[in-house]
Amino acid sequence: MRTEDLLAAIATGLWHWDNASGRVTLDAEAARLLGLPAEPTELSEAAVRSRFHPVDFAEINGVVQLAVSEETIAEARLRIVDERGRVLRIVRSRSRPRLVNGDFELVGTLQEVPEPQPGTSAAHTTVTGDWRRSREAFLLDAGRALAEARSTAEVLRVAAGLSMPGFMPDGLAVFGVEGDRLSVIGHHGHQPGDERPFLDMPLDTAYPAAEVIRTGRAIYLPTPDDYRRRYPATWPLAAPFARTSWAFLPLVNAGRTIGAWMAGFAQPVAFTPDERSVLTTVARMLAQALARAGMQESQQELAVGLQRSMMPTVQPDIPGMSVAARYVPTGGGLEVGGDWYDMIPLPSGRTALVIGDVQGHDVRAAGLMGQLRIALRAYAAEGHHPDAVLSRASRFLAGINETETRGQVQDQRFATCLYIEVDPATGLLDIARAGHPDPAVRLSDGTLLVRPTAGGLPLGIDPDTDYPTTRFVLEPGETMLVCTDGLIETGGHDLETGWARLRDIIEKYDGGADPAGLEKLADALVQAVHGPSSHHTTGPLVDRREDDIAVLLLYREGGSCGVGTGSRLAQQPVRRAVLSVAQAEPERIAQARAQIRDVLHDWTDADQVDSAVLMVSEMVTNVLLHTDGDALLVAEISGERGGRRIRVDVADSSDELPHRRSPGELASSGRGLVLLEMLAGAWGVDPRGDGKSTWFELYEDAGEGGVPPAGSGEPAPSGPSVPEPSA
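Counting from 1, one number per residue, gives the positions in the sequence shown under my numbering.
The hints are simulated quantities; they were obtained by calculation from the structure and are not laboratory data.
The reader is advised that the hints may include incorrect statements.
[Said to hold, decoys possible] The calculated label-pair distances, taken between Cβ atoms and stated as ranges, are: (1) A582 - S348: 43 to 49 Å; (2) E148 - E507: 38 to 44 Å; (3) L457 - Q296: 48 to 54 Å; (4) Q527 - A594: 25 to 31 Å; (5) E507 - R593: 31 to 37 Å; (6) E148 - D445: 33 to 39 Å; (7) S348 - L457: 23 to 29 Å; (8) L457 - T403: 18 to 24 Å; (9) E507 - G383: 36 to 42 Å; (10) E195 - P114: 46 to 52 Å; (11) L428 - D628: 42 to 48 Å; (12) E195 - T538: 14 to 20 Å.
Quick reminder that beta carbons are idealized off the backbone N, C-alpha and C, glycines included.
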């Protein structure tokens, strides 16, 4: 037996109620139970609603809303009435409501309830509560819905969906005031364009809504004759809607009439005291909701306008490069904050990219951000180098803090900033950093490397702070990412876990590196930390911290940087990392080790990764201990995965070559070359005109002894040209 036949045999019908489209689908049995021909049909919401007793329908609305919030089944008894309002039968509805884009759908059954037998308890049980109880439930539900509405459009949508107990408006309209004119804020139950005759209507017009706004008193018109008699001049405007009763009520907020609310009814309404009480209460709640939504929209518009006026438009006009930027206020409260980015043309023909974050998320932070951005543009336009630009900006912000301290304003702020001078011809980047997160580079194969840069204190703390400059090259096909800490730490993350989350997004992203692909990557980064998916990647911190997000992406176009295609050495390396370690910065040895691990993050042999990290640490430490210069680390990976080679060069300015030694058991040094001999596939020391370079190579498919297999195309390890230890 088919399911439809089985349900029909037990007098059970199926229905589907789509609140978004206002359509109800019934099978044959459900249609019969509603007093319609026993055949599948689809009707409008109003047509089905007319088959229910008004009191029952008002109560089931509350039942459905409760079921939606509690994710339970909505169950109620309903009286089915005919065209004259006579009860035909009683049905029981059991349905599962679910939210779809803010509206609900009901999918369930209708089953006829047999007449109770005399003497049973069912004979003494009412189908629903009395009218007054339904009215109280309706007002509570309406108050909650209107209180949750956040915009004028949402308030109007909620007002249109209110199911009043015992009587249901067929059409609604909300009128406002613009000077001495009537305006239509919104309407429901009308066709597009029906509001045109009421637009720009003078307030002294003999129209009910205009009179309500002028006098502040409600007007009830129970019959068309009442309307025609009291307002003969505007009756022709209302007649085409074919309604029988109207209620016009003032919308009063804080003692001031801000508009009028019209409720039109297709069925006659006597407007009893109880009905007027319901309408008056709804009008008061509607006025408060509209005033609250209007204030929030005004604040939102002001905040967005302020932020847009302070935030520049990034123009992708750097030759051979593409730029994408995003700003997302997420800290709550006003939609303004201290994060910003900028793009500044320089007198030298280069371009400066700036990103920063003023402490705080309020109007004061936004104001300081605007002043600081203008100051940075002025210093950059004068042609100062990156370190000088940040030094002057720090003095500028410190001066503002000092002035306000003398003025008894104890609200000093600091700002982090990253200033990058870009040479589009060579890809050279000169970077000065003031307490800001380091930049990151997405290599041509998708690998993300955080590039450690030298830096100073945030701006505004110490006016005499120096900001050293770091220089590296953005290779063709690479993308640089700079951002505020909101992109990294939003969602309860710290710097380590935040970068790990971004690395996962960037390395898996396959949207292309053209300008359109760069925009998609910017959207993907923001969605990963701010969109719904971010709640699946909550960080280890207890609080899910939210902060503003500012992002800048710079992509360098171009293919191979080699001279020819026949030479293996002329091809661009798959990955390349460069890091300088100064004599005064021994702590950057740890950053060098981290860079090597990042470069080798997908290397097959974990032991080789540990070996590379150990050799790099030893080589850089030797430069700092035994020379007076700085160490320059260059790591390159070439070849196909599974058969790759990494070559690491550590250059210094000393001409003295290292010597092999035989350290004793308790010696604290002298093992550097011994480690290279034991761990490297190949190594050596090459003299240069301005010093020397110590290097080693590792091979991903190395066999015994670290020698690349025959036929791999890699040279066999050669003996290093270093002096032998003396006897």
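Cross-check of the supplied hints:
At about 26 Å, the CB distance of A582 to S348 disagrees with the hint of 43 to 49 Å. Between E148 and E507 the beta carbons are some 41 Å apart, a value that agrees with the proposed interval 38 to 44 Å. A beta carbon spacing of about 39 Å between L457 and Q296 contradicts the range 48 to 54 Å that was offered as a hint. The supplied range of 25 to 31 Å is met by Q527 and A594, whose beta-carbon atoms lie about 28 Å from each other.
Distance hint check: the CB atoms of E507 and R593 are about 21 Å apart, inconsistent with the given range 31 to 37 Å. Checked against the hint of 33 to 39 Å, the pair E148 and D445 fails, with Cβ atoms roughly 49 Å apart. About 27 Å separates the C-beta atoms of S348 and L457, a value consistent with the hinted range of 23 to 29 Å. Between L457 and T403 the C-beta distance comes to about 20 Å, which sits within the given range of 18 to 24 Å.
Checking the proposed 36 to 42 Å range against E507 and G383 shows it holds: the Cβ atoms sit about 38 Å from each other. E195 and P114 have their C-beta atoms about 49 Å apart, which keeps the hinted 46 to 52 Å range intact. A hinted range of 42 to 48 Å for the beta carbons of L428 and D628 is inconsistent with their spacing of about 26 Å. For the pair E195 and T538, the supplied restraint of 14 to 20 Å is violated, since their beta-carbon distance comes to about 47 Å.
Hint violations for this structure: numbers 1, 3, 5, 6, 11 and 12, all remaining hints satisfied.
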